Amino acid sequence: MKSLGSIRRDFAPWNDPNAKPYIQFDNVTKKFGDFTAVNNLSLTIFEREFFALLGASGCGKSTLLRMLAGFEEPTAGRILLDGQDLRGIPPYRRPVNMMFQSYALFPHMTVENNIAFGLKQDGMPKPEIASRVAEMLKLVKLEQFAKRKPHQLSGGQRQRVALARSVAKRPKVLLLDEPLGALDKKLREETQFELMDLQQNLGLTFVVVTHDQEEAMTMADRIAIIDKGEVMQVATPAEVYEAPGSRFVAGFVGNVNMFEGKIARGEAGSASIDAGNGITIRTDNAGTAGAGTAVTFAIRPEKIKVSSKKPAEAVNAIEGEVYDIAYLGDMTVYHVRLDDGQVVRASTMNAARITEDPLSWNDRAWVSFRPDAGVVLTR
Amino acid sequence: MNTTWSRFNITSIVLGFAFLYLPIVLLIVFSFNESKLVTVWGGFSTKWYVSLFHNQGLMDATWVTARVGLISATAATVLGTLAALALTRYTRFKGRVLFSGMVFAPLVMPEVITGLSLLLLFVAVGLDRGFLTVTLAHITLTMCFVAVVVQSRLITFDRSLEEAAMDLGATPVKTFFQITLPVIMPAIVSGWMLAFTLSLDDLVIASFTSGPGATTLPMKIYSQVRLGVTPEINAACTILIAVVAIGVIIASLANKRREVQRQLDEQAAQRG
Amino acid sequence: MSSAAVTTQSATPATNAGKSVLARLGNAFVGRLVIIIPYVWLLFFFLIPFVIVFKISLSQTAIAIPPYTPALDFSGGISGFLDQLKQLSLDNYTWLTQDALYFNAYVTSVIIAAISTVLTLLVGYPIAYGMARAPATIRPTLLMLVILPFWTSFLIRVYAWIGILKPEGLLNQLLLATGIIHQPLIILNTYTAIFIGIVYSYLPFMVLPLYSALEKMDYSLIEAAKDLGCPPISAFWKITFPLSLPGVIAGCLLVFIPAVGEFVIPDLLGGSQTLMIGKTLWNEFFANRDWPVSSAVAVILLLLLIVPIMLFQRAQARAQEMDR
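Residue numbers (the numbering used here), protein chains in the order written: chain Y, 1 to 379; chain E, 1 to 272; chain S, 1 to 324.
No wet-lab data here; the hints were simulated from the structure. Computed from a prediction, not measured in an experiment: that's the story for all the values here. Be aware that a few hints might be false.
The calculated lysine-lysine pairs, modelled on DSSO-like cross-linking and capped at a C-alpha distance of 27 Å, are [stated by the list, open to error]:
id, chain 1, residue 1, chain 2, residue 2
1, Y, Lys149, E, Lys94
2, E, Lys256, Y, Lys147
3, E, Lys256, S, Lys226
4, Y, Lys149, Y, Lys126
5, E, Lys256, Y, Lys228
6, Y, Lys228, Y, Lys186
7, E, Lys174, Y, Lys172
8, E, Lys94, Y, Lys31
9, Y, Lys126, E, Lys174
10, Y, Lys186, Y, Lys138
11, E, Lys94, Y, Lys120
12, E, Lys174, Y, Lys147
13, Y, Lys228, Y, Lys31
14, Y, Lys172, Y, Lys20
Full structure from sequences and hints, please.
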């Protein structure tokens with residue numbers, strides 16, 4: 001089955017025209033003085049979705065989260081949750097909870113009191129609080145740490161307490177601000193999967209802010225790529241990677257080679273691109289771009305083959321010189337300088353332990369790729 | 001960094017601390033002097049302490065000082081904490097520059113000026129000089145010190161704690177009393193202690209603003225010092241030093257123990 | 001706080017959004033109280049008194065209670081108040097300029113405070129430097145030891161020096177016994193005693209800001225300078241000292257400003273021969289009962305200190321910005 005769909009195959013409300021949006025940002029703008037953090041942004045998130053806001057620091061993604069939580073009010077536009085306009089509702093009356101980047105655990109309270117804090121604010125009866133807290137402690141596997149203070153916990157344990165505290169009230173939406181940012185790499189990978197399980201089991205809507213694309217790709221159903229307060233693309237992880245909508249998205253997520261050029265000859269999706277200096281690229285993914293359109297051809301490194309001889313059957317093959325080789329164990333990355341000076345990055349999986357035809361620095365080499373390997377970008 | 005603790009550094013610290021502590025040590029030593037001459041050692045005795053407790057004027061002054069200190073330190077802690085909150089939480093409001101000026105200026109203002117100006121205020125509004133006026137004057141002076149102490153804690157306060165509390169459903173007022181206040185409490189307590197000692201020690205402002213019947217201990221000591229150095233004053237000073245030093249040392253030891261315990265806890269937590 | 005509750009109550013029938021807006025108004029008022037209460041207190045007990053000092057410095061001495069005319073009296077209404085204004089004069093200030101005593105007292109005070117500040121810096125810098133370079137484990141203890149004298153009474157600490165400095169005092173006993181001198185030194189009741197007293201009493205105020213500036217400094221900067229061929233002494237002047245300047249400035253202002261108006265030290269250690277403005281003000285007020293003249297002295301002292309005080313405020317504000 002050919003698809004760039006979601007990982008949860010049966011879950012794709014964004015493709016269903018009848019699905020009711022759960023969270024809606026309607027032309028939201030947020031200004032801090034002269035600085036525009038969020039610029040006329042619209043976004044729709046569905047119930048039970050694991051949604052990631054991905055962007056560099058200062059792109060406005062955290063501001064979006066804080067507006068949803070109620071710590072900031074939009075300068076213009078509106079935010080709807082389950083059809084209700086959130087304007088004017090203070091954070092303590094919103095059915096939304098947040099897990100903070102710093103965890104924000106109350107240092108003077110024990111783990112169980114931290115988790116019970118939100119329940120007490122709602123005036124829940126004591127026995128119910130106790131059973132809910134016990135349930136939460138079990139969920140994050142911290143039963144024996146109930147009486148400890150936050151400073152008596154390791155980083156990973158603190159993260160779990162923060163998580164338990166934020167889901168204890170069963171919020172409609174859980175907001176996570178860089179939830180794994182403070183953990184080391186190994187712990188982060190484990191926790192990613194735990195978060196996904198938790199979201200599935202509780203059936204909550206998660207909105208996570210992150211600057212780590214791997215994290216977003218691993219966990220999210222859909223990713224919104226944010227730049228300078230605007231949405232660049234909203235799509236599933238596979239779409240974002242394999243069918244980026246713009247040069248920015250292609251360059252932001254993963255590694256990419258880009259060729260600037262003009263459509264020379266095109267018919268029904270396939271086209272020839274004149275990339276200058278005698279380089280012509282044939283592609284099947286030209287979309288609707290007509291002849292003469294200035295375009296960028298983007299292709300991922302792992303979709304480029306490097307060889308010492310020109311492959312006989314290749315539709316696209318360009319000659320150059322090996323400029324740099326990085327051996328990374330599972331794969332090898334080649335930098336090939338084409339005759340016009342452009343450097344192409346190509347990566348090869350080291351499927352065998354010994355390479356038959358090893359390339360070396362300054363060798364002449366050919367880079368080749370299939371006509372469906374890259375995408376044509378007009379934005 | 002240990003390697004850089006050279007002989008020069010150790011010498012300057014030892015000399016510096018000797019300079020800071022020797023006069024106080026000598027004062028304490030000579031309070032146990034048998035002889036009436038303060039500077040000639042005539043054997044060990046505690047007789048000056050005994051006579052101290054029979055000096056009614058001194059005991060009255062001590063009582064006044066303690067009451068002024070307790071009341072003014074408590075009021076100054078409330079006002080100073082509010083001022084610190086105003087300075088850190090409200091970065092823009094009308095007259096903020098004037099306000100921060102009024103908070104910081106008393107820290108360095110010569111006491112004679114503060115004392116005189118407060119006295120003239122009390123006269124102008126027709127308030128009789130006495131216990132109340134000294135207390136008001138001390139509140140005004142010491143609240144600024146409290147404000148500085150609490151403010152330096154508030155600056156490093158993690159605001160996301162308050163946001164988390166509100167996110168979990170606590171109203172701003174509840175958030176303040178359940179989260180903010182307990183977290184900054186150590187700074188508020190040390191602010192109170194500072195205010196109390198400043199009030200206990202003040203001579204100049206008390207002299208201006210106090211009236212008959214409200215003579216404080218420093219005023220009493222001062223009037224006796226002017227007549228000459230006596231072992232009895234040494235004894236009074238020693239007691240005053242002891243009270244303050246014991247308070248401060250206990251507080252900082254407790255603090256240090258908490259700190260050490262905390263570090264041990266953290267290390268244990270990291271090990272798992 | 002009660003008004004906040006009332007606002008929320010009265011808005012119950014309104015929509016959810018409207019209610020919370022009103023609740024926020026209530027909270028905003030509670031928030032405002034945080035500013036208003038200390039603000040009003042300081043206005044009334046700190047700022048207005050200065051205005052009164054200024055007003056009285058323009059009045060005349062009188063044998064009355066209070067001992068000046070016109071007394072601040074609002075019973076006469078506006079016309080009475082204007083009448084009082086006409087009676088104000090600059091006589092006290094003219095008097096201050098005519099009597100060389102006051103002028104000399106101002107000048108001596110500033111000079112003594114300046115010299116003492118430099119001496120305190122010279123004594124305090126090595127201590128702060130040694131503390132900042134001490135092993136991290138003992139630094140808190142050293143810091144406490146510097147702060148501890150600050151908690152003990154200023155008066156007592158000054159008093160302790162009388163027994164040491166007087167002609168038959170401990171210092172002279174020691175020096176005579178060791179044969180360094182043969183005649184007792186006269187130190188008490190001289191300017192030297194004032195310098196010693198100020199340096200001693202204000203030392204913690206100098207050491208603390210210096211220490212916090214030096215402690216923050218990254219020691220690898222010095223190592224980098226040495227690595228680049230800079231000898232230790234020169235590394236100190238080119239790296240350490242410039243980086244500790246904020247601490248130096250804060251420390252000097254913390255010593256200089258109060259030292260100019262110091263009363264206890266010149267009174268107890270300086271004797272009757274020495275002249276400082278704080279003592280002059282005290283004497284005008286308590287001995288001569290001349291409130292208008294002592295107010296005029298205070299006004300001029302304040303004018304003298306206004307620039308250093310503003311420098312101090314700016315240094316404080318900047319330090320705060322850096323801590324954020």
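* **Restraint status (C-alpha distance of Lys256 (chain E) to Lys147 (chain Y) at most 27 Å)** => holds (23 Å)
* Restraint check for Lys228 (chain Y) with Lys31 (chain Y), where alpha carbons must lie at most 27 Å apart -> holds (12 Å)
* Verify the proposed pairing of Lys228 (chain Y) with Lys186 (chain Y), using a straight-line Cα cut of 27 Å. => violated (31 Å)
* To do: Verify the proposed pairing of Lys94 (chain E) with Lys31 (chain Y), using a straight-line Cα cut of 27 Å.
  => Holds - the C-alpha atoms of Lys31 (chain Y) and Lys94 (chain E) are around 23 Å apart, at most 27 Å.
* Is Lys94 (chain E) within 27 Å of Lys120 (chain Y), Cα to Cα? -> violated (38 Å)
* To do: Decide if the proposed pair is consistent with the structure: Lys256 (chain E) and Lys226 (chain S), CA atoms, cutoff 27 Å inclusive.
  => Violated, at about 36 Å.
* To do: Mind checking the alpha carbons of Lys149 (chain Y) and Lys94 (chain E) for me, to see if they're no more than 27 Å apart?
  => violated (41 Å)
* Decide if the proposed pair is consistent with the structure: Lys256 (chain E) and Lys228 (chain Y), CA atoms, cutoff 27 Å inclusive. => Answer violated: Lys256 (chain E) to Lys228 (chain Y) is near 47 Å, above 27 Å.
* Measure nothing beyond the straight line between the CA atoms of Lys186 (chain Y) and Lys138 (chain Y); if it is 27 Å or shorter, mark the hint as holding. => holds (23 Å)
* **Pairwise hint evaluation, Lys172 (chain Y) against Lys174 (chain E), where the allowed Cα distance is 27 Å at most** => Cα-Cα ~23 Å, so holds.
* Hint consistency between Lys149 (chain Y) and Lys126 (chain Y) [alpha-carbon to alpha-carbon, up to 27 Å] -> holds (21 Å)
* Is it true that the CA of Lys126 (chain Y) sits at most 27 Å from the CA of Lys174 (chain E)? -> Since the Cα atoms of Lys126 (chain Y) and Lys174 (chain E) sit roughly 19 Å apart, the hinted pair holds (cutoff 27 Å).
When held up to the earlier numbered hints, the structure conflicts with 1, 3, 5, 6, 11 and fits the remainder.
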